[in-house]
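Colleague: Each chain is listed here by its residues.
4 protein chains.
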Amino acid sequence: MLVVMKQSATDAEIDRVAETIRDMGYDARPIPGRQRTAIGLIGNDGRVDSGRLEGLSGVLEVIVVSHPYKQVSREWKAEDTIVTLPNGTRIGGTEIAIMAGPCAVESEDQIVGIARSLREAGATILRGGAFKPRTSPYSFQGLGEEGLRLLAVAREETGMAIVTEAVEPEAVEIVAEFADIVQIGARNMQNYPLLRRAGQAGKPVLLKRGMSATIKELLLAAEYLLAEGNEQVILCERGVRSFDTHTRNLLDLTAIPVVRGLSHLPIIADPSHGTGVRAKVTPMARAAVAAGADGLMVEVHPDPERALSDGAQSLYPDDFVDLMRQIRVIGRALDRELVPPLGTLRVAESAAG
Amino acid sequence: MLVVMKQSATDAEIDRVAETIRDMGYDARPIPGRQRTAIGLIGNDGRVDSGRLEGLSGVLEVIVVSHPYKQVSREWKAEDTIVTLPNGTRIGGTEIAIMAGPCAVESEDQIVGIARSLREAGATILRGGAFKPRTSPYSFQGLGEEGLRLLAVAREETGMAIVTEAVEPEAVEIVAEFADIVQIGARNMQNYPLLRRAGQAGKPVLLKRGMSATIKELLLAAEYLLAEGNEQVILCERGVRSFDTHTRNLLDLTAIPVVRGLSHLPIIADPSHGTGVRAKVTPMARAAVAAGADGLMVEVHPDPERALSDGAQSLYPDDFVDLMRQIRVIGRALDRELVPPLGTLRVAESAAG
Amino acid sequence: MLVVMKQSATDAEIDRVAETIRDMGYDARPIPGRQRTAIGLIGNDGRVDSGRLEGLSGVLEVIVVSHPYKQVSREWKAEDTIVTLPNGTRIGGTEIAIMAGPCAVESEDQIVGIARSLREAGATILRGGAFKPRTSPYSFQGLGEEGLRLLAVAREETGMAIVTEAVEPEAVEIVAEFADIVQIGARNMQNYPLLRRAGQAGKPVLLKRGMSATIKELLLAAEYLLAEGNEQVILCERGVRSFDTHTRNLLDLTAIPVVRGLSHLPIIADPSHGTGVRAKVTPMARAAVAAGADGLMVEVHPDPERALSDGAQSLYPDDFVDLMRQIRVIGRALDRELVPPLGTLRVAESAAG
Amino acid sequence: MLVVMKQSATDAEIDRVAETIRDMGYDARPIPGRQRTAIGLIGNDGRVDSGRLEGLSGVLEVIVVSHPYKQVSREWKAEDTIVTLPNGTRIGGTEIAIMAGPCAVESEDQIVGIARSLREAGATILRGGAFKPRTSPYSFQGLGEEGLRLLAVAREETGMAIVTEAVEPEAVEIVAEFADIVQIGARNMQNYPLLRRAGQAGKPVLLKRGMSATIKELLLAAEYLLAEGNEQVILCERGVRSFDTHTRNLLDLTAIPVVRGLSHLPIIADPSHGTGVRAKVTPMARAAVAAGADGLMVEVHPDPERALSDGAQSLYPDDFVDLMRQIRVIGRALDRELVPPLGTLRVAESAAG
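Just so you know, the sequences run in chain order A, B, C and D. Taking the numbering used here, the leading residue of the first sequence gets 300, the next gets one more, and so forth. Taking the numbering used here, the leading residue of the second sequence gets 300, the next gets one more, and so forth. Taking the numbering used here, the leading residue of the third sequence gets 300, the next gets one more, and so forth. Taking the numbering used here, the leading residue of the fourth sequence gets 300, the next gets one more, and so forth.
Rather than coming from a laboratory, the hints here were simulated on the basis of the structure. Do not take every clue at face value.
It does not matter which identical chain is meant; a pair holds if it fits inside one copy or across any two.
List of simulated lysine-lysine pairs, DSBU-like, C-alpha gap at most 35 Å [as the list claims (entries may be wrong)]:
hint, residue 1, residue 2
1, K502, K376
2, K369, K515
3, K305, K376
4, K515, K305
5, K502, K305
Bound conformation, chain A alone (with noise of 0.2 Å):
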């Protein structure tokens, strides 16, 4: 941490905050430059509140130097970290991993139809709301534990994966109980108490950026599962507030080479989300796996006219099958495959057996 002194301050008041820095345990450096002086604060342990800095006379601005989280850094740990799933399906390696799936549970038949030409087409890992966070108190609020036994059915009849969403601390066990991955919604990213039932629950955790979240900010949020003990951590960028309203939301590719420099957790993206709007889904979707995402999140819904929420987004099957084919080509450029589909994985299961 670097306090930043005004041209005008007084030796008085640089004494002060060096005495200040070392009556909060730390050392105090001060190095004068030629416009004004500065005062290194030496040991910081990611804890230090820069807010009783920052009020002292003659201060100008408190620099932070080191970064406030910990375990999710690469410095802290170099290699990825690689999330698998009990259908193999490894999420942060080399491969790309494909969630897809209707925005919010509907019914039986929606839900394993889906699933079954999701599969045929290559994706591994389901996704469909039971409980859903709505911005208006009179929408469509999903299934809730119906929707969550409805996706173990899916997952009974087709072998994928089941990602889905927990909008509260005291629903979370329920939600682990039945999915393999729980999602944290971007609207939750700072719901603390719900991060750290999240980070106890045992199964991995998919965390969305926040609308308007730094990258820092999402890191933090991170932080907490992982200060729980879990590291199957993946996160996900989904698009944040912007100025203009062409689309729902700004995604932000550019957060896909930054995290993986920062962070050892894998990531991926939610063009679904991160546009709102069918036509922009399939570019952005080819345009997060040449930015280098670990994965992508891609609603898809047998009749996007008839969906109860978000269809204006939802792509039909047909579509998504052509992105499958699209971002397989693209992958090559970055030396990446596809998760190998479920098919393959049965027969090579049969050949073992």
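Fit chains B, C and D to the supplied structure of chain A, relying on the hints for placement.
Modeller: Here is chains B, C and D on its own, set in the frame of chain A:
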């Protein structure tokens, strides 16, 4: 709701949109224009999900004309809602209500001492965090229930009303037991289970605007509270995300007249979190009152340099006395007075006794 | 400037950074920390291009400590700059200066008529666009030179000073010939050839903040003017881009105390462009004065419904009279008075005569 | 255009809006709804100023349905515009065009040397700044006309086409004399006199999106060029302002499919300015091609550590060779090829001869 068609839309596409609208249970009214056709959806009860229409072939865009919130709107209730606290403070009428206190409750001496000087300066509501949502899992997270008990002691000693935050659904009950106003923080503005519980708690609720929430989203979050039968809701502008880092947040004071136009609920401003820098708190507190705020929430700490959190944005008690003097003058330009100080009220009570 | 190294940085990488700094002509001072090493660049004269250092191997980030602007800063000149106009109006001292008038000059009747009523209400500076930068090539673009001549007629009739915009370098000279203040609009804040010419024009310059300019960029743009030898510069906050569309722009009033801390230049606010909606102009004008603005620029039109541009944000003359009364009261809270009305000045002149 | 009335609007207010619309020369069509009345303005030719209507009593909001740009839109011209350069490069068809080179022209050795290696790697257009708009008046501002002459030498030596920026109206002519494409930079996107002059220059124009420009504003700026009779326009996404400072700008790749839907003009991406950090340029260049960009503009410098500007975001020549290989593969997923390298063209010419 208005469905705007592309210039190239065919009659068949226009017909299909109209049929879909009727299939959803509403009337469709085509409006031919010079450049393109639009189709009005008549009879929208606020529950129409535009997604189904946005995805139809030939559709350029869907424009929402009716507002999705109801009970919070001025069209639902024309007269201002006034929230009345047990100590006589009224929020939302012609008076300006002042909430002040430290970021976090730290000790009995700290909270009772500062409460006395705040009451002396004219504040009637004491703020202080017992449960603190912190961006880093390694920061001080508040005293918890002990903090609530200390706030109750301060109320006992001074007569000030108490406002403090609940950070998860399970904690709403105990916060509501001790506090006069239950605060929902900015990070939790869209934590719907928490909003539902707060709506049922039987106490006034202070709802802070999320860091990148639109005003429409703020009003929809408040709608969750009113939908549970609680109309005693106070909104709070506390700064939004911006591209400039000179201040921690960008205090959006225009939200004050905008909300007053759209809703009957009172709105206050928090210039402490809204700026994050002590030297900017007083000017922006003055500006908020001049913009028409129904009150202020201001952080004041007896010794900001030793505060356990947010010291850099806390006023010294003497700054606060100056601020009160200034906003008293500014109030006159709008024909508004500060809430009468508690001393006066007590004298009145004694006289009555 | 501080070059922060990665934890994994080798001694060779650290040495190379230090050598590069010395090669650039500055001193390098390594500062070992608990987590990582940082290297201070000593002797920065404000011309260091951080790019060369950012790209070096082992570098995590480069933090700029010295500020890149000079002559505009309070560290360069501690006392407030006061801009004085020929009609006696002083901008930047303890008085509050009011610029008012229509968005565009439309006719002699319009501009002289409104000037008379504005002067009556107490304004001393008349605004009015002769050259209008418009987002669409098909919108009304102003009367051009004829507009300048009409402004001069209005000055002749009322004694008000004139502020009007120059939109290209070649037009600065003629604008400066007719106007008392040359305005640089928000879209041109970083039009450097225009800034250079305006800096040479020998007239005070009103520089509006760009739609997404940081305060640092605003001050750097002003530095272009001072670098040409013109210190008579007035800054103007007029709203920045935001994700919320309830108002056209987000008026960033915190910029006022921030600029007053960093610079000696006066700063005013334009609540008309800053909100874009008539009903929000008066509250935000009051708020700007309460925040410490040195003046206001407000659009007033004799018949807003027939204005050729920006009618929706123009006050009626009666609204303006009310506003003047309110800000007079607010000024008292800050020990500030409005600039004395021109009538008084003239009486003084006559008396002197 | 749709004028939405408040629920409380009286019949008289509704009538007045309708009369005003007729007074403006258009048809008014009231559309009664369940919650409120809206009034359609029929016959909008793109010149309606909504201001006059927004300010009327009883009006809640005015919604613009017709788009204000004309000639740039796909509704005006359905087929893609293809810009063809003298050296045979085609921008906007099925080929992907690559513009590469240093931020600024620094010397003959530098520009000719880098041009040779870029041509070798397959680029056909050379970028290089002769006039540099710089945020600080004290930074290197380019070699000016000498820079233009050096670019011409590089073209002579390599056959590459030249793109370089004009920063003021008076300089357009000389830039157009030397360059094959006249670039308008992001800071000047709304510099209308400059746009007008560029539209008249008789050369293709590369128009960069402003730092906080909406896509609608970008298209309106392009409309200024087409309105002067120049349809040879290439748009360029180069990153927008955001709240996160991890990268200099936020590259909005979704703009690519959005623009391709709305306009017939080609659009490329500049991942160098769009990220500001070398390590992010290659991933985002790949992503731009995957999103459907018609080309790339990439900064490459023979010795980035000694670059006079933007060294931190410049690729090394070897990085560029890798990038070209990767985007060749990605292009296949979209059935697109790179523009054929100049060597091949020359051979073809010789064969034809």
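Colleague: Against each hint, give a clear statement of whether it holds in the structure.
Modeller: So, going through the hints one by one against the coordinates:
1. When the C-alpha separation of K502 and K376 is checked against a cutoff of 35 Å, the pair qualifies only within one copy, where the shortest distance is 21 Å, while the shortest distance between copies is 47 Å.
2. Taking the closest pair of Cα atoms, K369 and K515 come within 35 Å of each other both inside a single copy (11 Å) and across two copies (32 Å).
3. Taking the shortest alpha-carbon separations for K305 and K376, only the inter-copy value of 14 Å comes in at or below 35 Å, while the best intra-copy value is 38 Å.
4. For the homomeric pair K515 and K305, the shortest alpha-carbon distances inside one copy (28 Å) and between copies (16 Å) are both at most 35 Å.
5. Taking identical chains as interchangeable, the C-alpha atoms of K502 and K305 lie at most 35 Å apart only when they sit on different chains, with a minimum of 32 Å there against 50 Å within one chain.
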